[in-house]
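If you read the sequences in order, they're chains A, B and C.
Per numbering that gives the first Met the number 0, the very first residue in the first sequence carries number 0; after that it's consecutive.
Per numbering that gives the first Met the number 0, the very first residue in the second sequence carries number 0; after that it's consecutive.
Per numbering that gives the first Met the number 0, the very first residue in the third sequence carries number 0; after that it's consecutive.
Fair warning: there could be bad hints in the mix.
[As the list claims (entries may be wrong)] Derived coverage of chain B by chain C (criterion: at least 3 residues anywhere in the stretch with Cβ under 8 Å from a Cβ of chain C; other residues may be distant): (1) 104-111; (2) 186-196; (3) 202-215; (4) 253-267.
[Claimed, not checked] The list that follows gives simulated cross-link-like pairs (lysine-lysine, DSS-like), each with its CA atoms no further than 27 Å apart: (5) 24(C) x 103(C); (6) 46(B) x 143(A); (7) 146(B) x 1(A).
Calculated directly from the structure, the hints in this document are not laboratory data.
No residue lacks a Cβ here, since even glycine has one placed at the ideal position from N, Cα and C.
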Amino acid sequence: MKYLILKDLFLQKRMLVLAFVYVLLLTFAFQSMGEGQLVAIISAVGYMFVMLGGAWEETNKSDVLWNSMPVSEWQIVGAKYLAIPLYVVFVVLVYGVVSSALSLLRIPISAASFNPLGIVLGMIGVFIAASLYYPVYFALGYTKSRYWHFILFFGIIVSASMIPALFPNKPAWLDPLLARIPELANDVAVFVALGMFVVILVGGSFLASLTLYRRREF
Amino acid sequence: METILQVKNVVKEFTGFKLNGISFSLEPGYIMGFIGANGSGKTTTIKLIMNLLHLDMGEIKVFGLDSRKNEQEVKQRIGFVYDDNHFYEELTIGQMTKVLAPFYKHWDWETYNRYVHRFALPATKKIKTFSRGMKMKYALAVALSHKAELLIMDEPTSGLDPIVRSELLDILSEVIQDERCSVLFSSHITSDLDRVADYVTLIHNGNILFSTSKEEVFERYSLIKGERSLLGSELRRYLVGVRENQFGFEALVTDQEQALRLTGGKAIFERPTLEDIMVYCTKGQAV
Amino acid sequence: MICIDIILTNTGELPIYQQIVDQIKAAILRGELGADQPLPSIRVLAKELQISVITTKRAYEELEKDGLIYTMPGKGSFVAKHDDCKLEESKLQMVEDIVREAVKAGKTMGLTKSELSMIFKSVMEDE
Chain A
0 MKYLILKDLF LQKRMLVLAF VYVLLLTFAF QSMGEGQLVA IISAVGYMFV
50 MLGGAWEETN KSDVLWNSMP VSEWQIVGAK YLAIPLYVVF VVLVYGVVSS
100 ALSLLRIPIS AASFNPLGIV LGMIGVFIAA SLYYPVYFAL GYTKSRYWHF
150 ILFFGIIVSA SMIPALFPNK PAWLDPLLAR IPELANDVAV FVALGMFVVI
200 LVGGSFLASL TLYRRREF
Chain B
0 METILQVKNV VKEFTGFKLN GISFSLEPGY IMGFIGANGS GKTTTIKLIM
50 NLLHLDMGEI KVFGLDSRKN EQEVKQRIGF VYDDNHFYEE LTIGQMTKVL
100 APFYKHWDWE TYNRYVHRFA LPATKKIKTF SRGMKMKYAL AVALSHKAEL
150 LIMDEPTSGL DPIVRSELLD ILSEVIQDER CSVLFSSHIT SDLDRVADYV
200 TLIHNGNILF STSKEEVFER YSLIKGERSL LGSELRRYLV GVRENQFGFE
250 ALVTDQEQAL RLTGGKAIFE RPTLEDIMVY CTKGQAV
Chain C
0 MICIDIILTN TGELPIYQQI VDQIKAAILR GELGADQPLP SIRVLAKELQ
50 ISVITTKRAY EELEKDGLIY TMPGKGSFVA KHDDCKLEES KLQMVEDIVR
100 EAVKAGKTMG LTKSELSMIF KSVMEDE
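Produce the complete structure using the sequences and hints provided.
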């Protein structure tokens, strides 16, 4: 199965330029988000790679290839889910380069600095988005699931950028809450709860994707 | 040795097309030509064998195993070459093969490299730069490098020049030098199969018109040509798919002796090509 | 290994397996193939002549039926031992069969005995 993921990496190398452009654009767009900026960028661009991965398969009609080979459906579906952390690493690296370049060139776009929490939350963001996207993708194929993809994608961007607008006058309870997040991060119980939620969501999504993919005809 | 491929009463229905309970089988050590017009059901049948489409009814057994229940084991032993290219165009064959090889238990790098060398395939150019013939050769190299016992080819030669087609046929003859291996070769270019096919299965509109050895096909059918005046109703009983024009008629005849007698030696008899047989048989089916 | 030529034609009346039978038979009768000499396997022959394995199989089966070759399972086919009298007999029989076919064909087309005789004589003179 690692070779299925390897294949995804071969292909994503091509998307380097696009990744840089997107990261730059979203860094600019999410400037006002403060700490949330990193999370939003990783979620959005990571999810974009998820979708691009699907597009590659479609242009090459590779479903016919993989389903003619001795590869099981759960390997094909599983590889797509397991590729997500790798996409995130990719985005993080690109963001690192972009934010360094911005500060070195003294371009006045604020870019949040790295923090492990941001990266983890970003990864969770991608997993959540992918969990919603993949079942539709595996059921219908890339072309037919495009509408659903765009709804999800803009949903993330719009809701992420709407956060400052929704709370123009930071409500009294928000600051203390935000202040408590680093604290919460150290609270194992919260982490475990969040972790379990993600595992259940991703697991459920994987099972749904698998069942739907098994029914597909090529 | 057991039958390598057995298709039994397979039914598959789409809007506007139906495979009507087709059956045929292939023994190890032979090449079967699967012929028929475009849209007759060849690709559908092959996709059903590969489980890319799901059967409505019927059974397909490969190497004696059920094609659905033992899908992984079956696919380990099948090499496939399709009409379209399904490899990642952005990759080189080096990268593509690195991704494919690990899935085959009996992958043989030596054999693969030999074929790549023999076909002169560039190792560092992206697959999208390959000509159609080179893409087919790459698919063939992969298909022949994991000790596959059944080679399934769906229109592999369409769009290729005669030289490449001839090279392919030579390789198929080499493949069946090993008596355990068989080839299922679907094509509407019957001249390819005229030469090397051992068995011929003709499909038309989702029905198998015949599935038998090429020897038998040519024994069964002759091409008859003659003046239109010879076309009596008695003669017509032995004819398949008559083609009449201003100057005479041409048809496939199923009993040459009778036809000889009925035409009193005034007609010409010739050995038909598979193309003639395909054209006249399907013509004969059309009402 | 066998070193005779087998030349096939697609444009004649004769089915391919029969052409192979005739040519190998002729080579044996001419003495070009000796007793116990190995013949190519049906698959190698099929590949070289670019024809179906079933055809070569059939040809070998015919030759075996006529007692001209014998097959050892797992080892292949070999030219059978033959004595010279039988050889002569076979030669004559072979030609007689061909002439019989010609006469049959002629009769079907309605030629008379004297017409057939004339054809035979003129062909003999030509050759």
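_List of violated hint numbers, smallest to largest_ = Violated hint: only 1; rest satisfied.
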